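Start from chain L and add chains Z, E, Y and D with the ligands according to the hints.
Take a look at the letters that make up each chain.
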Amino acid sequence: MLELNRIEAGYGESAVLRDVSLTIPKGKLVCLLGRNGVGKSTLLKTLMGLIKVNHGHIDYQSHNINDKSPTWRSRKGIGYIPQGREIFSTLTVHENLQLGLEARQDQKKNIEPGHQVYDYFPILKDMQNRKGGDLSGGQQQQLAIARTLVADPDVILLDEPTEGIQPNIVQDIQDVIKDLKQTNEKTMLLVEQSFDFASEVADYFYVMDRGRIVYEGEREELTEENMRGYLSI
Amino acid sequence: AAGDEAADTGFGEASAGEDEQSDSEENSEEVVVDEDSIPVGLLHSLSGTMAISETSVRDAVMLAIDEINEDGGVLGKEIVPIVEDGASDEPVFSERASKLLQQDDVAAIFGTWTSASRQAVLPVVEEHNGLLFYPVQYEGMESSPNIFYNGAAPNQQIVPAVEWLFDNVGDSFFLLGSDYVFPRTANQIIQAQLDDLGGEVVREEYTPMGHTDYNTIISHIRDTEPDVIFNTLNGDSNVAFFNQLADAGITSDDVTVLSVSVAEEEIRGIGAEVLEGHYASWNYYQTTDTPENDTFVSNFKEAYGEDRVTGDPIEAAYFMVYLWAQAVEEAGTTETDAVREAASGITFDAPNGPVEIDGDNQHVYKTVRIGEVQGDGQFEEVWNSGEPVKPDPYLETYDWAEAIQ
Amino acid sequence: MSYLYSKKTLVILGFVILLIMPFVLAPFNLNLLGRFLAYAILALGIGVLWGYAGILSLGHGIFFGFGAYAMAMYLTLQSGGMPDFMGWNGITELPWFWAIFSNPIVAIVLAIAVPMLFAGILGFFTFRNRITGVYFTILTQALVIVVTTLIISQQQYTGGTNGITGFDTIFGYSLNSVTTQQMIYWTTVIFLGLVFLICYKLVNSRFGKVLIAIRDGENRTRFLGYNTSIYQVIVYSFSAGVAGLAGMLFVLQVGIITPSMMGIVPSIEMVLWVAIGGRGTLIGPVIGALLTNGASTWFSQTYPDAWLFFIGLVFVLVVVFMPKGIMGIISTIQARRRAKKYGKDRKEEAKLYNSSSI
Amino acid sequence: MSSVAMQIFNGISLGSVLLLVAMGLAITFGLMRVINMAHGDLIMIGAYVTYLMQVIFVQYIPEQFFDWYFILAIPAAFIIVAGIGMLLEFTVIRHLYGRPLDSLLATFGAGLILQQLIRTIFGAPNVGVQSPSFLQGSLEIFGLYLPFSRLFMIGLVIVCLGGLFIYLYRTRQGRRVRAVMQNREMATCVGISSRKVDSLTFAMGAGFAGVAGCTLTLIGPIGPTIGLNYIVDAFMVVVVGGVGALTGTVIGALGIGVFNTFFEYWTNASMGKVLIFALIIAFLQWRPSGLFSMKTRSLD
Amino acid sequence: MEKIEKKKQSSTTVLQSEKLIVQFGGLKAINEFSFQLSDRELHFIIGPNGAGKTTFLDVLCGKTKPTSGNVLFKESIELGKLYEYQIVRKGVGRKFQAPSIFPSLSVMSNLEIAMKQQKGFWHILRAKLSEGDKEHIHEMLTLIGLKEESNRTAGTLAHGQKQWLEIAMVLMQDPELVLLDEPIAGMTEEEEEKTGELLRTIAKDRAVIVVEHDMDFVRKFADKVTVMHEGTWLCDGSMEEVQQNERVLEVYLGRR
Ligand SMILES: Nc1ncnc2c1ncn2[C@@H]1O[C@H](COP(=O)(O)OP(=O)(O)OP(=O)(O)O)[C@@H](O)[C@H]1O
Ligand SMILES: Nc1ncnc2c1ncn2[C@@H]1O[C@H](COP(=O)(O)OP(=O)(O)OP(=O)(O)O)[C@@H](O)[C@H]1O
Ligand SMILES: [Mg+2]
Ligand SMILES: [Mg+2]
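Top line first, the protein sequences correspond to chains L, Z, E, Y and D.
Each residue of the first sequence is one higher than the one before, counting from 15 in the working numbering.
Each residue of the second sequence is one higher than the one before, counting from 14 in the working numbering.
Each residue of the third sequence is one higher than the one before, counting from 587 in the working numbering.
Each residue of the fourth sequence is one higher than the one before, counting from 44 in the working numbering.
Each residue of the fifth sequence is one higher than the one before, counting from 1095 in the working numbering.
Chain L extracted, bound-state conformation (with noise of 0.2 Å):
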């Protein structure tokens, strides 16, 4: 489904990402892991079109998108739920859902009252007038994904989306994720730190370290004895 293919790419001069190759099938979840400033998040904003590619080419559905815009590629189905929430803050929940219709190839403009994210995260529904910015950390990051799901995406891109959120959500948020590749048979890549969640629902698991793909594997290999020399420091 989304193919990145000898990307080099980078903030200014300086490359992040070196000759990373990368495959995400249709339908599947795949885990990117590895150590803090590797280069995890300038890869999801690469394929997201936040960064130009110096090197290589991105395919999405066989067609190189390269030089596409985030907006085009949302309004084709990537969704992207970020490091950091970077949820519209001064809007209200509401609106903020509302803007993820945006990308939404069919035009719908609104959400009906009993949306499948209103189920994942009923709380949103509580805080509906609520401005954004008010919430606290774990609810944005509810909205955030709800914001995505609700353009409908065909894959999902998600960074992080448990750091920092309090272990009851934390559950929540790996019930969706699970939910979402279950029941949804969406297609998903996954930057996570936690081992545990990783190992869970991974079909297929890529480790990153100084911008390159130093592992790769089929959930099987995810154990801690393959891991350990490429996450310790």
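These aren't lab readings, by the way, just hints derived from the structure by calculation.
None of the hints are false.
Sample of chain L residues lacking proximity to chain D, with all beta carbon distances greater than 12 Å (derived):
| # | residue |
| --- | --- |
| 1 | H71 |
| 2 | D166 |
| 3 | E235 |
With a straight-line cut-off of 25 Å between C-alpha atoms, the simulated DSS-like cross-links for lysine-lysine are:
| # | chain 1 | residue 1 | chain 2 | residue 2 |
| --- | --- | --- | --- | --- |
| 4 | E | K594 | D | K1222 |
| 5 | D | K1298 | D | K1288 |
| 6 | D | K1184 | D | K1298 |
| 7 | D | K1222 | E | K787 |
| 8 | E | K787 | D | K1210 |
| 9 | L | K145 | D | K1122 |
| 10 | D | K1298 | D | K1228 |
| 11 | L | K145 | D | K1157 |
| 12 | Y | K239 | L | K123 |
| 13 | L | K195 | L | K139 |
| 14 | E | K787 | D | K1228 |
| 15 | D | K1157 | D | K1122 |
| 16 | D | K1159 | D | K1113 |
| 17 | E | K787 | E | K593 |
| 18 | Y | K239 | L | K66 |
| 19 | L | K139 | D | K1122 |
| 20 | L | K122 | Y | K239 |
| 21 | D | K1314 | D | K1298 |
| 22 | L | K123 | L | K90 |
| 23 | Y | K239 | L | K82 |
| 24 | D | K1241 | D | K1288 |
| 25 | L | K145 | D | K1159 |
| 26 | D | K1175 | D | K1159 |
| 27 | D | K1222 | E | K593 |
| 28 | E | K910 | L | K66 |
| 29 | L | K90 | Y | K239 |
| 30 | D | K1122 | D | K1159 |
So the derived label-pair ranges between C-beta atoms look like this:
| # | chain 1 | residue 1 | chain 2 | residue 2 | range |
| --- | --- | --- | --- | --- | --- |
| 31 | D | K1113 | E | F710 | 34 to 42 Å |
| 32 | D | Q1110 | Y | K239 | 50 to 58 Å |
| 33 | Y | E183 | Z | E409 | 45 to 53 Å |
Since the structure is predicted, the reported quantities are computational estimates derived from the model, not experimental observations.
Even for Gly, the Cβ is constructed at its ideal location relative to N, Cα and C.
Chains Z, E, Y and D with the ligands alone, transformed into the frame defined by chain L:
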């Protein structure tokens, strides 16, 4: 490399200055100053806020120069104008004046409009013993040996206007002016004069430059019900004031406004319909009925377009070039002291009538005229002084003005 | 290191060249250059304030004006006694705040101290109330309006829009004689050197680092235990003092000061000199002031109708496409050259390590 | 008594002028954080568009329709100045998002270019625009004289504000605008074309400047440098009201208008100006982010 | 063993809050929160998102002023009444959630200005980096593993390195109370481990408050845990004790 840059700038200036010949060539392509020509400087704001007024004055000077050159020039030489932009900025005026005098060695400078720019140029012309011909009516209280003042002194514009108003309109005056030197000085004069005549100043108001809301002032006008508004606002503010006065339903039937800075050019910007029936005091109007004026107006329009109008400062700018040319002819040289000497008593039949340089204070004898604005944007003269009035910049001949001198 | 050394030599060389200019230039051009050097001093002050402390003031015209007025008041009093505009405005006795300026020492001290004090007081309240960034910038515009309107409306004391002019001697020497002008020029160059040196010491001391820290993260710096507002007040006040000094030197060479030189437009132009030269450096403001004023003098003489187009375009292009100004271009070129010299690997390093800032 | 009432009306009318002048800036500066120093020059161009419309009417349209020129000039000014704004956004502003102080300097340069452009086309002297006859004179009630032109401006400003409010807070496009202004990157990631939104929003801000310019022909002079008369006032209104808050802009404008007229009434025009600006400086010390600040947690 | 003895003996209260209230508009972010902290204690605060943990730290470091109530530091200093910089000078250091270092200064300069020193204008103007200072900075750089990078512009460091640098900057001030907001957010387990050890070292001679969501980490390193909920105190004790609490399970930990 950086240090070098700094030095380079210095050298750049140096090379510009070392070779005067090449510099003046740069200024205006076709200007070649040689034995057979006399360079003169034109120093007006062609950019910035004052460009609004000063560009037309520059045009008038150019017209006069062209005419004189066509008649064979001065002392048989061609007058070569060197145009500089004062950019509505006083230091630029003083800098450009130095440049004209030191580098271009001009015989005279025609230029400046505001008192501030005139005063910026004053020390420069005095230092280098140059000549400045100044075309605008002003507040008086000045006479530099290096400046010829061709606009009206207060006694050639304000004093007769007050007298006429007092005799013909009424005795309670509302004084309104822009917040700068000319209006404040003018209003002091008016106050003193009215004290002497037995009139009354009901209120004195000044508005900052660029002020555009006159509603509060108009409230004051309603409250005080004056017979006359003596208006010394400068160009821009007049538009706002007259428009809002008209909008407030106050017409020339209710109160008479006499302006001393509203000429034909300004009427075009304000709109004749709101000014109709109000008065101005000047030495010249486009409609002034002299044969010289007919020629002047038609030449001006021919040179710059049918839709252009003349006006007092434009006319002064025009005749002052002739005065200078005659003085040079008389002196037989362009040397400053000789020209100054020769200038005393020089007369010329200007569009506004005969003018004469007063050797005592280097101002000009001029006829005073009060005009009423007509619907077509022109003035109709309702009164004139009959003969040229002797300039008295310090108001020495008026007893009531003692405190001001 | 050798590169740094060479940069220093070039600055010294430039300074020496400026010193010998009176033997090279015609008086008129010397006067022009001298005035630009006064502007350069002003630009240095703005450069430290904006480039290092990140405070953009659009009101430096008034500090420049204060300095200029102080000097002009002294010059007026000593060359002709009471200024004539007071006479017409019915003031018969010299007011005390004029009288003190008849002493040259007092005048010079006040020319610098008044701007510093004024900036200090305003800065104290403003920075203490955490008004920074855009808000501060706009506030300084309001300040300009207040001060210039006051000066204009109090014309019996200030000369109104005409400003103060018409003085022709200093310490008994004619202000316009060639030798006096040369002396004034040299004084200006020496003050420029002095101010440059002070600024250099300042920005390369720990104080300079704290300023940069405040620029990059004011709150963060506070949580390191710094009372950031005091630092901001101090650079603001310093920079105002430098502007006062520049104004004083300016008046000596131009012979006039009016409120229109203190307005909003001139104040913005001052900042643009710094932007063109390169913010975050010290050479930048100096070059920017000299080059911009040199160019606009030349341009407006040569193409009076087109120069506003040109200067406007330069402002836009520099700010949009060369945010580091001329110095930015120079250092990019230098970095390239060095990268070539040391091979490709060094390319990144050249960017990572910054040298001491001039 | 009636003079107090008159002054209140004058204050409101000055406030409505300020509001007209500041409304475009409330968009370009308030929403987009572009310190648009060219705003005054866009106003100036709006005034020249009105002048041009008048010239066209005088030359080509029968005289009895003359008054219509003004009615047509309002949308024309909006559209033409919006077009210029769009061009400005495309060439200059789009490189400067997130660099507010740089945008100040660059737009100042752009303003110089616009001024010189107008000077080259129309000449340096002021031009005159005649008010349409239906806006001349004043309404007399209870001994008060309320000029029609002022009443018209108050009405116009209410209409413009209402339109703007509905647009921003009640339409989809308005929601997009608010999203982009807050987080440009994220907005593109949810499928909004931020280029389009930026360009349209800036154009709209410019367009309102054009409308302001058009109505200013009713009260003030029209020359290449009139922008300077209004630009600082406009900034003060937006800052006092609170950047990004439309309600704040309204109250800021009215407050400044009313205080200014009263100060002026009690002292004089110069002192009034000094006092109002001093008051603004003092006010900002007390409320650094204006009357209505859009402060939420993630913004600080 | 000896050390632990000593620690117990000298334990005095460094921080005490009584009925603290912080209100934002209508919302009470902190509602009558009472809290006590002993010297040399590694104290964790946990609680649901929006419980007011960050806000509490904000109050301690002067970023937010309490609506009512106050916090006493070392028994006499009322933190609620001081400016941020004064609080730092009294010995409270804070690391923020997002790494906030000075990107255009070198790593060395970052530490230089963070150093414990007189931070008044006159002192800073004349300050020179002495040999002792340099040594101290180098020690610190070794501790956080950035010795090699000392001349690098801090903005170009990796995220984790920035986090470390910020911790170092806090430590350079030699504070008596250190506040850390989610210090291990986004760290790998190895890094977590190292950070935990570092925290223990730090807590040997000062008090430390850590806000954290990672329960494994809390379990491993906490001396004492306080649970906050909706701005109030819910319970405290060791992690084991807290874990048993019904309410904590319900509102925070969740049951599985
Ligand atoms: N905006 C930026 N400009 C320059 N460099 C950046 C920027 N953002 C990140 N970097 C650098 O890029 C590298 C990779 O960062 P990235 O955010 O992709 O890491 P990450 O793997 O997502 O880390 P984390 O787990 O902390 O989120 C780091 O060295 C970082 O310093
Ligand atoms: N400046 C502010 N303005 C308005 N509300 C605020 C502000 N700061 C905090 N709040 C609110 O106060 C409450 C407590 O927030 P706080 O950040 O202290 O929670 P927290 O415990 O740190 O949560 P998290 O674990 O998600 O970081 C939240 O509901 C938050 O929305
Ligand atoms: Mg990341
Ligand atoms: Mg928190």
